[in-house]
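S.K.: So the sequence lines, in the order shown, correspond to chains A and B.
Once you know that position 303 of the first sequence is 303 in the UniProt record's numbering, the rest is easy, because the numbers rise by one and skip nothing.
Once you know that position 84 of the second sequence is 84 in the UniProt record's numbering, the rest is easy, because the numbers rise by one and skip nothing.
FYI, nobody ran anything at the bench for these hints, they're computed from the structure.
All of these numbers come straight from a predicted model, not from anything done at the bench.
For every residue, glycine included, the Cβ atom is placed at its ideal position computed from N, Cα and C.
Among these hints, one or two may not hold up.
Not everything, but these chain B residues come out facing chain A in the computed CB check (under 8 Å) [what the hints assert, rightly or not]:
#1 Gly275
#2 Phe279
#3 Phe291
A few chain B residues facing chain A, derived, Cβ under 10 Å [as the list claims (entries may be wrong)]:
#4 Gly118
#5 Gln202
#6 Glu203
#7 Pro207
#8 Ala259
#9 Val260
#10 Glu272
#11 Val274
#12 Asn292
Protein chains: 2
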Amino acid sequence: MNIGLLGCGVVGGGILDFCAGREDLTVTKVLVRRPRPDLGALAVTDIADIVNDEAIGIVAEVMGGLHPAYEYICAAMKAGKHVVTANKAVISAYYPELTGLARECGVSLRCTAAVGGGIPWLTNLERCKRLDSICELGGIMNGTTNFIMDAMHASPVSFPEILKQAQELGYAEADPSADIDGDDVRRKLTISANIAFDALVQEEDIPMFGIRTVTDGDIRAFKAHGFVCKLLATAKAAEGGVCAFIEPTLVDSHDLEAAVPKNFNLITYCGEKVGRHSFFGQGAGRYPTAFNAVEDCLDIVAGKPGFYTQAMKPAPVLCGGEAHPYYVRTACPDAFLQSVTVEHWGDGVVTACVSVEEMLRWGRAQLDKDPGCFLAGIR
Amino acid sequence: MNIGLLGCGVVGGGILDFCAGREDLTVTKVLVRRPRPDLGALAVTDIADIVNDEAIGIVAEVMGGLHPAYEYICAAMKAGKHVVTANKAVISAYYPELTGLARECGVSLRCTAAVGGGIPWLTNLERCKRLDSICELGGIMNGTTNFIMDAMHASPVSFPEILKQAQELGYAEADPSADIDGDDVRRKLTISANIAFDALVQEEDIPMFGIRTVTDGDIRAFKAHGFVCKLLATAKAAEGGVCAFIEPTLVDSHDLEAAVPKNFNLITYCGEKVGRHSFFGQGAGRYPTAFNAVEDCLDIVAGKPGFYTQAMKPAPVLCGGEAHPYYVRTACPDAFLQSVTVEHWGDGVVTACVSVEEMLRWGRAQLDKDPGCFLAGIR
Chain A
1 MNIGLLGCGV VGGGILDFCA GREDLTVTKV LVRRPRPDLG ALAVTDIADI VNDEAIGIVA
61 EVMGGLHPAY EYICAAMKAG KHVVTANKAV ISAYYPELTG LARECGVSLR CTAAVGGGIP
121 WLTNLERCKR LDSICELGGI MNGTTNFIMD AMHASPVSFP EILKQAQELG YAEADPSADI
181 DGDDVRRKLT ISANIAFDAL VQEEDIPMFG IRTVTDGDIR AFKAHGFVCK LLATAKAAEG
241 GVCAFIEPTL VDSHDLEAAV PKNFNLITYC GEKVGRHSFF GQGAGRYPTA FNAVEDCLDI
301 VAGKPGFYTQ AMKPAPVLCG GEAHPYYVRT ACPDAFLQSV TVEHWGDGVV TACVSVEEML
361 RWGRAQLDKD PGCFLAGIR
Chain B
1 MNIGLLGCGV VGGGILDFCA GREDLTVTKV LVRRPRPDLG ALAVTDIADI VNDEAIGIVA
61 EVMGGLHPAY EYICAAMKAG KHVVTANKAV ISAYYPELTG LARECGVSLR CTAAVGGGIP
121 WLTNLERCKR LDSICELGGI MNGTTNFIMD AMHASPVSFP EILKQAQELG YAEADPSADI
181 DGDDVRRKLT ISANIAFDAL VQEEDIPMFG IRTVTDGDIR AFKAHGFVCK LLATAKAAEG
241 GVCAFIEPTL VDSHDLEAAV PKNFNLITYC GEKVGRHSFF GQGAGRYPTA FNAVEDCLDI
301 VAGKPGFYTQ AMKPAPVLCG GEAHPYYVRT ACPDAFLQSV TVEHWGDGVV TACVSVEEML
361 RWGRAQLDKD PGCFLAGIR
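Using the sequences and the accompanying hints, generate a full structural model.
M.R.: Shown next as structure tokens:
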């Protein structure tokens, strides 16, 4: 089948490499913004050249960003083309529009590379759902923050220092906000939860707290108590909605998540009957991301229809029923924090069980009063 | 599609549960040896009733054992039926015969539940191979031995004592040899390596050393040096064959394998381009094993053809090129062991790099002289 590739950066180049020499998949056109002599006759600069090309069966979008990616994907589907994308932002933001349009147009829409890079996460989630009910999912869904947390546990280093190293190594963007504040994870969690629970969760409804304010002192306190801190995403089926949140989480130092090194991810679902399945691998990078994008193309060639689920019901995010203890460090403890404090760890305190909804709302507000405030759920 | 189920023990019962109420899969006959009033009209006692039933599309074999499972599977395929099996022994022992017959008869043969119970291991290995080359695979492929090793690291307990506990909990068989001596893992490794490398490895060619002789003192020495001992399987592409072996292995206490608890498995492949993917879950049990068997049926309904690979070339097992240090404890050290010893750990020694072929051959011979001898590769 012929592929029209939208974008040819790091991931697009990987897709070209994977397709080279294959008989079942051929990249016949590549949409670029600037002249790319290295692409020879493949390069086109007008999306119409791809959308109107009847010989193209799949449009693979790896440009990133919301616009014009959204418009191009819609145009491709309306022209009867299957779409593969690695773009978590566009799928998360336009989930009902894009999955609805794919259904309407009778085309496949696949985005396995959008969640977990090269990890076969969404495909296995889809497979499990054929037979079992998903009770819960989540885990380590961002390599940049795992790299940072892993390094901070390995040796005493400040957050700004290790962030700089991560940027130099290419593990973090020049503007690291999307990674370290949780937005990247939130997009992946939205897509995963929507597929797992046949839901329509709004990305912005999911509460989150990032790792920007963690200190070397916090890490020392966690290690002293046998914990490792990871940025974890969680989504659970809840009565009348979905419980979903993202927060730094203290896991027992013997837990599987604690052993995830460097920029790797570990993503988990729990099936009602089959129990826990976890998937470990590189959540980003040229070949991992291109791998899942091309695997999606192969699934389309094999006749895999539509999206990962055909169902979606609006689902409010409900985190009031989920409660656990927290570690909190702030220079300005208030009456609420004092009322739930049960223990002191270094500069921080440990609370009794507090609902996730309440604690993350408090944490976001507290950042205005104390921009250095940090909190982490204790599992 | 109608299913004829061969055997209705723990796993067969799970298959009935998963299929109950489905429109795409219906178990219409169940082969049993003894009367089973609970199965009502489903029960038959003659395999011919299933093989000759034209309304049955899939035969699902969960009887276990080599015979008559092999004969029944062959009869089913010859009658044009797709076959799903959870039986690692029969697939490993009759790999060329069964995959060849499936090809000849134009039917599907799936055995995902045979390796890793409920873990989607073989399906993901197959998926990766569509696009990438597998360099290496293996990991923790037996829950019984992981339960034992995990417990021995958690608190001082002798091997016989914890084995007895595992038997009482139903994690180990009354005759535990197949698990603790490595045969069970060897079958799973044979099937995985054959699929990954398009090979025809003979099960009995893979050298192995089990965990039967490990002592609490060994574990103490490993922990003192920052290691955790796991029974690991390994298979690598090698020039002119496949390097495959099974041995207790000392992994860094921070490694992912070290964090695998209880009777869970963690199975890994490394793709040339995509890197490492690991899969964690329950490697045995009613619902996990039934899950993968029924998922195989769904794949067949969706039109998935044949076996996981269509290629196989005879492949000698070559472990001469693979070398690493070993921990060895024996009451009768000989000249060979002394010549490679570089360090002493408690009652044992640590060797320089020794080839796997040489060390495992020496280990098997040494068990005749010193039945309490133990060895473990150091990763």
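S.K.: Would the hint on glycine 275/B be counted as holding, given a Cβ-Cβ threshold of 8 Å to chain A?
M.R.: Holds. Min distance 5 Å.
S.K.: Would the stated hint for glutamate 272/B survive a check requiring a Cβ distance to chain A of less than 10 Å?
M.R.: holds (9 Å)
S.K.: Can glutamate 203/B be said to touch chain A, with a Cβ gap under 10 Å?
M.R.: Where the cut-off is 10 Å and the nearest Cβ of chain A is about 27 Å from glutamate 203/B, the hint is violated.
S.K.: How about phenylalanine 279/B: closest beta carbon in chain A under 8 Å, or not?
M.R.: holds (6 Å)
S.K.: Restraint: phenylalanine 291/B near chain A, CB-CB cut 8 Å. Satisfied or not?
M.R.: holds (4 Å)
S.K.: Less than 10 Å between beta-carbons is the criterion; does glutamine 202/B satisfy it with respect to chain A?
M.R.: Since chain A brings no Cβ nearer than about 30 Å to glutamine 202/B, farther than 10 Å, the hint is violated.
S.K.: Under the criterion of a CB-CB separation shorter than 10 Å, is glycine 118/B in contact with chain A as hinted?
M.R.: holds (5 Å)
S.K.: Going by Cβ atoms only, is asparagine 292/B closer than 10 Å to chain A?
M.R.: holds (8 Å)
S.K.: Holds or violated: is there a CB of chain A closer than 10 Å to the CB of alanine 259/B?
M.R.: holds (4 Å)
S.K.: Holds or violated: valine 260/B as interface residue toward chain A, Cβ cutoff 10 Å?
M.R.: Holds: closest Cβ of chain A sits about 7 Å from valine 260/B, inside 10 Å.
S.K.: Under the criterion of a CB-CB separation shorter than 10 Å, is proline 207/B in contact with chain A as hinted?
M.R.: Result: violated, 28 Å to nearest chain A Cβ.
S.K.: Do the numbers back the hint for valine 274/B, that is, is its least Cβ distance to chain A under 10 Å?
M.R.: With a closest approach of 4 Å, the valine 274/B hint holds.
Taken one by one, the earlier hints fail for this structure at numbers 5, 6, 7, listed in ascending order.
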